[in-house]
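Go ahead and model the full structure; you've got the sequences and the hints to work with.
From first to last, the protein sequence lines are chains G and Y. Residues in the first sequence are numbered from 45 upward in steps of one, following the numbering used here. Residues in the second sequence are numbered from 269 upward in steps of one, following the numbering used here.
Treat the hints with caution; some may be incorrect.
[As the list claims (entries may be wrong)] Which chain Y residues stay away from chain G? Per the calculated CB distances, all over 10 Å, these: (1) P270; (2) E284; (3) L297; (4) C385; (5) K393; (6) E426.
[As the list claims (entries may be wrong)] When the alpha-carbon atoms are kept at most 20 Å apart in a straight line, the in silico SDA-like pairs for lysine to any residue are as follows: (7) K248(G) - R304(Y); (8) K248(G) - E223(G); (9) K280(Y) - R101(G); (10) K280(Y) - R111(G).
[Claimed, not checked] Computed list of chain G residues with no C-beta within reach of chain Y, every gap over 12 Å: (11) R91; (12) S177; (13) E237.
Don't read these hints as lab results, they were simulated from the structure. For each residue, glycine too, the CB sits at the ideal point set by N, CA and C.
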Amino acid sequence: MSSPPTPQAGRVIAGSDAPEKPQLRVGFIALTDCAPLVIAVARGYDRKYGLELVLQRQPSWAAVRDRLLSGDLDASHALYGLGYGIQLGLGGPQRDMAMLMSLNQGGQAITLSRALDSQARGGAALARFIHGSSDRLTFAHTFPTGSHAMLLYYWLAAHGIHPLHDVRSAVIPPPQMAEALRRGDVDGYCVGEPWNALAQSEGKGTTVALTSEVWPNHPEKVLACTRDFADRHPNTARP
Amino acid sequence: MPRVLLVNDTDKPIAELREALQRAGYEILADVAHARALLHAVETQRPDVILIDTESPTRDTLEQLAVMNAAAPRPVVMVSDTADQSVIRAAVRAGVTTYVVDGMAPAKLAPILEVACARFDEEDKLRRRLAEVEQQLADRKDIDRAKGWLMDRHGLSETEAFELLRGQAMKQGVRLGDVARQLLPPPGQPGP
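Right, dumping it as structure tokens:
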């Protein structure tokens with residue numbers, strides 16, 4: 045992965061540093077941390093820089109990836125790890141990617157079902173509970189190469205729970221998380237807001253850790269595009 | 269013969285593929301409509317091919333399987349060495365994403381996708397036809413209202429009012445319904 049190219053060379057040749065492509069199709073997933081893009085459009089910060097962001101809501105991270113690679117999206121709100129996953133070709137096609145800017149840090153959380161939390165309060169108690177039970181609990185996150193998988197696995201491992209052997213892991217779309225917890229399909233999850241706060245306010249879940257406690261200021265969402273797009277549009281992709 | 273799983277969790281009538289694929293001789297497993305059922309079906313029934321709407325939120329659940337489980341179906345999203353590129357592109361355009369188990373012969377996948385595309389194209393044609401008819405109906409209503417208004421306001425006969433609208437449409441190079449709507453107030457407001 046490399047940072048986007050510097051625009052100087054193109055600027056001299058073209059005699060302008062105006063964006064090569066002023067209207068951009070930018071994907072986002074309905075999460076609190078898509079706010080920087082929404083605010084940019086609502087307040088006209090994009091137009092201040094000669095750009096027009098056309099925001100397009102996406103149904104899944106897999107769709108974000110496919111549309112970035114097919115060119116249907118120029119750039120997207122993306123999990124920090126999604127770019128690395130594509131760069132490495134994990135579980136899907138390999139392509140060189142560029143991260144244009146960070147959109148936020150931290151801001152995610154781990155929530156357990158009320159039932160589980162009341163039986164095993166705190167990491168040490170949870171580890172004892174899991175090691176003493178023959179049924180495997182299920183924990184959900186949001187994408188195989190995403191930050192929630194990493195933060196959840198790290199948190200479990202830090203308490204002596206092997207994230208791949210001692211529990212089952214599943215990917216559930218964020219808007220279905222609280223519902224899955226309520227139905228008992230999962231016993232806990234790591235996800236962005238508002239899906240922790242929702243389970244908490246409905247009395248179905250207890251937020252037991254903020255991801256900033258696992259890794260202070262961890263990178264979370266970025267504005268991502270393909271390396272090819274950044275190369276062909278150096279002024280548009282300029283940080 | 270490959271075993272096919274349909275994920276039916278959007279408005280797209282993916283379930284209607286069932287009959288078409290069955291007619292073509294495929295074994296179609298029971299539909300699944302959410303992440304938990306999908307995980308269960310993949311684990312217990314081991315489908316060779318999964319067809320899912322590109323708009324499905326459950327796609328990320330399949331991505332997890334593709335990365336974590338060597339035996340699980342993998343995405344063939346537009347790029348794949350193992351399948352016919354043009355057929356896959358057509359399927360994705362039509363709205364179907366496909367996951368297949370590694371090593372499945374392209375010859376087996378292509379006909380499944382062709383059935384899916386044909387079914388979705390037909391659906392698309394019907395939808396477009398419906399939109400057209402609805403537009404025609406809306407046009408006719410607006411033209412009648414505009415004609416009535418011209419007759420009342422300017423004391424024209426029905427034929428004269430119609431000729432006036434038609435002349436205007438020809439002059440502007442737009443549809444008759446558009447001319448009528450230019451004349452009429454937005455819905456909810458009193459007449460022009």
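Results of checking the hints against the structure:
1. P270: Answer for P270(Y): holds, closest chain G Cβ roughly 21 Å.
2. E284: Fine: 20 Å to the nearest Cβ keeps E284(Y) off the interface.
3. L297: holds (20 Å)
4. C385: Check passes; 17 Å lies beyond 10 Å.
5. K393: holds (23 Å)
6. E426: E426(Y) clear of chain G: closest Cβ-Cβ about 45 Å, beyond 10 Å.
7. K248(G) - R304(Y): Distance of about 18 Å is within 20 Å: holds.
8. K248(G) - E223(G): holds (9 Å)
9. K280(Y) - R101(G): Holds, because 17 Å separates the two Cα atoms, which is no more than 20 Å.
10. K280(Y) - R111(G): At roughly 19 Å apart (the allowed maximum being 20 Å), R111(G) and K280(Y) satisfy the hint.
11. R91: The claim stands: R91(G) keeps its Cβ more than 12 Å from every Cβ of chain Y (closest is about 28 Å).
12. S177: holds (20 Å)
13. E237: holds (18 Å)
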